Amino acid sequence: MTQNVNDWLNAHGDYLYRFALARLRDPHQAEDAVQETMLAAIKNNSFEGESSARTWLTGILKHKIIDLQRKQIREQPLSDLIDLDASDSSMDDFFDKSGHWIDRPQEWDMPESALEQKQFLGILSECMDKLPAKLKAIFMMRDVHELENENICKELDITTTNAWVMLYRARMGLRKCLELNWVTG
Amino acid sequence: MLTCKQASQLISQSLDRPLSWSSRLQLRFHLVICDACTRFKQQLNQLRSAIQRVTLHTESDSTITLSKEAKARIASAIDSKHH
Ligand SMILES: [Zn+2]
Numbered sequence: 001m002t003q004n005v006n007d008w009l010n011a012h013g014d015y016l017y018r019f020a021l022a023r024l025r026d027p028h029q030a031e032d033a034v035q036e037t038m039l040a041a042i043k044n045n046s047f048e049g050e051s052s053a054r055t056w057l058t059g060i061l062k063h064k065i066i067d068l069q070r071k072q073i074r075e076q077p078l079s080d081l082i083d084l085d086a087s088d089s090s091m092d093d094f095f096d097k098s099g100h101w102i103d104r105p106q107e108w109d110m111p112e113s114a115l116e117q118k119q120f121l122g123i124l125s126e127c128m129d130k131l132p133a134k135l136k137a138i139f140m141m142r143d144v145h146e147l148e149n150e151n152i153c154k155e156l157d158i159t160t161t162n163a164w165v166m167l168y169r170a171r172m173g174l175r176k177c178l179e180l181n182w183v184t185g
Numbered sequence: 001m002l003t004c005k006q007a008s009q010l011i012s013q014s015l016d017r018p019l020s021w022s023s024r025l026q027l028r029f030h031l032v033i034c035d036a037c038t039r040f041k042q043q044l045n046q047l048r049s050a051i052q053r054v055t056l057h058t059e060s061d062s063t064i065t066l067s068k069e070a071k072a073r074i075a076s077a078i079d080s081k082h083h
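Chains P and Z, in that order, give the protein sequences.
Using the numbering used here, the first residue of the first sequence is number 1, and each one after it goes up by one.
Using the numbering used here, the first residue of the second sequence is number 1, and each one after it goes up by one.
Calculated directly from the structure, the hints in this document are not laboratory data.
Please read these numbers as outputs of a predicted model, since none were measured by experiment.
Do not rely on the hints blindly, as some may be mistaken.
[Said to hold, decoys possible] Distance ranges between label pairs, derived from CB positions:
1) W21/Z / E179/P: 28 to 38 Å
2) E59/Z / E112/P: 21 to 31 Å
3) Q42/Z / E146/P: 36 to 46 Å
Glycine is no exception: its CB is placed at the ideal position from the N, C-alpha and C atoms.
Could you build all of it, start to finish, from the sequences and the hints given here?
Set out below in structure tokens:
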């Protein structure tokens, strides 16, 4: 069995690591996720050979990634999570007292050439990494894993309202960051 | 009448849940007269597809690999749990 796992690690380790890194955006956490996946693969060897080993391992990895994201969010002090009323002052940067945009959203020039595309994705990556950890994690759960909101709430033990507010904040932060850093047309 | 602030919240929520009939109607009404919120809505769609592109990009970047050291750490973690 251990032999098997070492073969898997050699054959699929790099792929699993990239898959995890793309979603966790942290090399240490991505390595942990791959390790946890391998340990789970040994412990619960339900691999039937019907699907490829890679598909099977990736399925395990997805669960491990969500576990890590959940931990990341839950370990945040609770007070950070409670302060979630979208009408509070944290939105003062975006709207004036009467609810109008302070800086009206601009039309984005979406990248066309390969080079522009690469620059754009680089800026977007940096913007994501600037988000507070818990907003980044919930945003990744929703917009990358495409977990249903209900499942996110169950995983995180938060109300649907809290989830909407956190997602709203994450998206507002990202689009602002992009607007500041990506030259608009 | 919705304010832009309220409209932007509904636009974001519409990505996460079906809006009520009346919210949908109010939002549609607002978007007809408000370019800024219409652009915001477009931005959120662009953002979502861009995020998925970033993910795919990292996932298929073969220059990113587990280091030898990382592989050794993982192999030894496996050994220590199974001997
Ligand atoms: Zn508006």
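Status of each hint after checking the structure:
1. W21/Z / E179/P: 28 to 38 Å: 32 Å, holds
2. E59/Z / E112/P: 21 to 31 Å: 23 Å, holds
3. Q42/Z / E146/P: 36 to 46 Å: Since Q42/Z and E146/P have Cβ atoms about 20 Å apart, the given range 36 to 46 Å is violated.
When each numbered hint is compared with the structure, a violation occurs for hint 3 only.
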